[in-house]
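*Asks:* Chain A is already provided as a structure; the job is to place chain B on it using the hints.
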Amino acid sequence: MNRKTIGFILGMSLLVFSSLSFGQDLLIKNGTILTVTKGTIPKGDILILKGIIKQIGENIKAPKGVKIIDASGKYVIPGIIDSHTHIALAGTNESAEVITAEVKMSDVLDAEDRSIYTAITGGVTMVHTMHGSGNPIGGENVVIKTKWGKTWEEMIVHSAYRTLKFALGENVKRSNIPTVGAPRYPQSRMGVNAIIRREFLKAKNYMEQWDRYLNAKKSKKTAKNLIAPRKDLRMEQLADVLRGKMVARCHSYRADETLEFIKLSKEFGFKIISFEHASEAFKIAKELAKEKIGISIFLDNWAYKVEASEGIAYNAGYCTKNGVLVSINSDSGERIRRLFNDAAKAMKYGGLSEEEAIKLVTINPAIQLGVEKIAGSLEVGKHGDIAIFNEHPLSAYTLCEKTIIEGEVYFDRAQYLKEREEMEMKKKEEEKKKEKKGGTK
Amino acid sequence: MKIKKNRLLICLFVAILFFASTSSAPVTPTYAIVSCKIIPVTGSPIEKGTIIIRDGLIESLGPQGKITIPEDAEIIKADGLFAYPGLIDSHTNLFLEPPKEVPRRPGARTTTATDPRQKEKAQHPDLMAAKLLKPKKATVSDLHKIGITTVLVAPESGIYAGQSVLLNVNGEKAEPMVINSPVALHVNFTTASGTYPSSLMGTMAFLRQSFLDTEHYFSHKSQFSKSSRGLKRPEYNSFLEALSPYVVKKNPIFFNCANLEDIKRALRLIKEFKLNGFLTGANEAWRVADLLIKNAEVPLLVSLDFKPPSTSSYIKQGEELKKKAEEEIYPANASNLHKKRLTFALTSLGLKKPDEIPKNVQKAVKAGLPKEEALKAMTIIPAKILGVSSFLGSLEPGKIANVILTTGEIFGEKTKVERVFVDGISFGIKKPAEGEKPAKVNIAGRWSAKISSPMGQWESTIELEQDGNEISGRISTRMGSWEIRDGILSGNELALSISATIMGEAMNLSFSGTAEKDSIEGTITVMEWSMELKATRIPDGEF
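The listed protein sequences correspond, in order, to chains A and B.
Take 504 as the starting number for the first sequence in my numbering and just add one per residue.
Take 508 as the starting number for the second sequence in my numbering and just add one per residue.
Pulled out of the complex, with its shape left as it was, chain A reads as follows:
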């Protein structure tokens, strides 16, 4: 039986015992608290009531009945946030068409994906789980908390930005995918740009059509015999992007196409929150900073395809120092548990401070997801989403010991190891019994 399996069973048992109301009460005592936004408290306490942080400081007394976690010698940090991943989904791409803004990842959430458990073993409490990069315009993404054992309805973070996935470059051109049958349009970067422009023009037309109809409906002269335009879910989504109700997250590697996409956003007046992967962001850091567009990147993963060939490990550090909001993402259901390691590398490559480095996986992704008021740092009034590490989270030897969401413990390494040992013992005993039985025959 492997680790994941045991974790899975553990998690399923949580489903049975957990209560359904929002959040729980919890007091974490005597830990080294890295608040991320308000400095470090060498030995402090955090009081969480009904899932919300009520008090941070020294010598906080636990109200009656509140569970206490002793964090002496441990490091307490805000829950890690992964700004770009594809976990907890039944499907990633709608690949039969090129423009699929109408699809929603919230329609195919899978609360039983074990990657959620993998995530909490690495202190991750929130993820932005996204449509794939197969289409120039993909689907609507969704932000969830990694409440393993709960239903996905209980995981969704409704206050986060509504985001739409865009993608440029090789994945969209199908450069690294064997072509089956007729090649699909677009096959070039200029084609990608053109098709996105075409769709936004269509969306503008669509909006005007509706405006004309609604105006005609108001006027007494023309109100007779009017037929409402067809409601088109694809166009509705793009219209929401143009209306500012949704923001763009754009998969992009090369500097030139990134700049082209920024031009496109200005032409149509929509907001780009961040570029994904952006391995050449360091070449255009000033432009990105000026436009207040962030990046969500790998720390040291590059050259895995032609358009990633100029990636460097200094990207995060360099862009941060030039005023770009940077987050480190996993894009994976496995690497998701080592995001703190990736953050630490930004100190070696790029020379970020501890605080700057830890921001890459906490408050920065929170800002990119529009959840900085509830997550990303340890402050009174924010959600009690916390990870407790046995050593400094940027140490190479650190391990996440507990992952807490809204005051509720979702991962406890000690308990996990204990239960795993018990299960293995039980299994061995059963095998022995079987052997004995076999022997007497």
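Treat each hint with caution, since some may be false.
Said to hold, decoys possible - Computed, partial: chain B to chain A, Cβ under 8 Å:
| id | residue |
| --- | --- |
| 1 | T702 |
| 2 | S706 |
| 3 | A712 |
| 4 | R715 |
| 5 | Q716 |
| 6 | F718 |
| 7 | L719 |
| 8 | D720 |
| 9 | P816 |
| 10 | S820 |
| 11 | G1020 |
It is worth saying that the hints were derived from the structure and are not from the lab.
Please read all numbers here as calculations on a predicted model, not as lab measurements.
C-beta atoms are modelled at their ideal positions from N, C-alpha and C, and glycine is treated no differently.
*Replies:* Here is chain B on its own, set in the frame of chain A:
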């Protein structure tokens, strides 16, 4: 005078209509089933009772002695037998001959697919089960054997699979069986291969868009019919036409729910578009029981197929739990729903053979479902769900005479069905006759035969159906296409009788010979002539 004349005419007309209608309906005998234990389902059991069946209906029923047996009734002594209403299987794919799939051009895929009609071609909401019915004698007798007299037959595949038909299994001809068609539109949360939508999220978007389009199309059409001047004519769209009765007029839509997320998806769509939705399949329903309680107005049809879905978390955690899931956890679905006081029908959806139905009901009962609830879930509850409880689903005077006689309590392991009445037509359950042996081979399928006749060699094709050791089918020669009936395959010995029409004359041909898996040899006898027949099997897929 004039008025009187008219009246006379009307009387005449009515009389003609009356006679026409009575004379065209098949005459079924009147039956009196006596001394059986009657379980009416909707009333209390009668220990020793009588049921009178006349004109396809239950005329009366009650304790023995209180019911007068009509003089013209054929008396059926049913001492020791139990009488139940015929069972209803409220969702199955039996009886259907699916339309031949047009092979796709290899590698063909839509590249832009901006034309909505492109997508629509991949779906077929207009597919009518009623038009695809190919009732087989074997299926009919298999259903009767387990006491099923009514089935809802639905097309199986595609996001919009098509529209279902409700049948009373009263023979082998399709049209006389039809109670109601179309009954419901059937939706699967599946994908269209090679074309949009190719993912589950795409399917959800596709469903939403097609519901919206139907509403839009219908409102345009109705506005045009009200005042057409100055209004563009709505373009006819057969896809949206097929959806209109369901999306706009709110006829039933069955959402086939393969797992718990499908149940939630269906409930979301039902709510968003105010649909008259039904949940079917739903073998993970117990996992969302609380949600179902909140949506108690949505009818629930639970499948007796206990195979865990591929998404099930139970089958991903090793063999031990997988086995437990198959044998204990999923069979307890119905029992768990009953504990939550949810009402549901039981269906055979997903089961391949009818005889799995009673076996799996037994499993559900073993897992804690009370027997009487299982009985209701296959009689009065599906009748109510399908809107036919005024004439089906229980033993009550005036209802259709769908009655089954069993040797013991229904769903008992040793219980056998002795006789079924469907629409008042009696069907005995055949037991093998003396001297007959079970068939050694299965010869169902298509055969190519050579017959050496006095008029030279005939090439012919034979199509055979097999039910146990009973054989039926057709033989096509250049002299015509003839029915094969009353065939018996006893061991390897095959005897057939062929009703032929040769040069306008009806003749009976008989065949006797031997059959192997891939060859049949023997002699056809007609009057004083005999002809040698040699046949070889045509492999599947060849025509």
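*Asks:* State for each hint whether it applies.
*Replies:* For each hint, the structure was consulted:
{"no.": "1", "hint": "T702", "in the structure": "holds (6 Å)"}
{"no.": "2", "hint": "S706", "in the structure": "holds (4 Å)"}
{"no.": "3", "hint": "A712", "in the structure": "holds (4 Å)"}
{"no.": "4", "hint": "R715", "in the structure": "holds (6 Å)"}
{"no.": "5", "hint": "Q716", "in the structure": "holds (5 Å)"}
{"no.": "6", "hint": "F718", "in the structure": "violated (10 Å)"}
{"no.": "7", "hint": "L719", "in the structure": "holds (5 Å)"}
{"no.": "8", "hint": "D720", "in the structure": "holds (7 Å)"}
{"no.": "9", "hint": "P816", "in the structure": "violated (11 Å)"}
{"no.": "10", "hint": "S820", "in the structure": "holds (5 Å)"}
{"no.": "11", "hint": "G1020", "in the structure": "violated (51 Å)"}
In summary, the structure is inconsistent with hints 6, 9 and 11 from the numbered list given earlier, while agreeing with the others.
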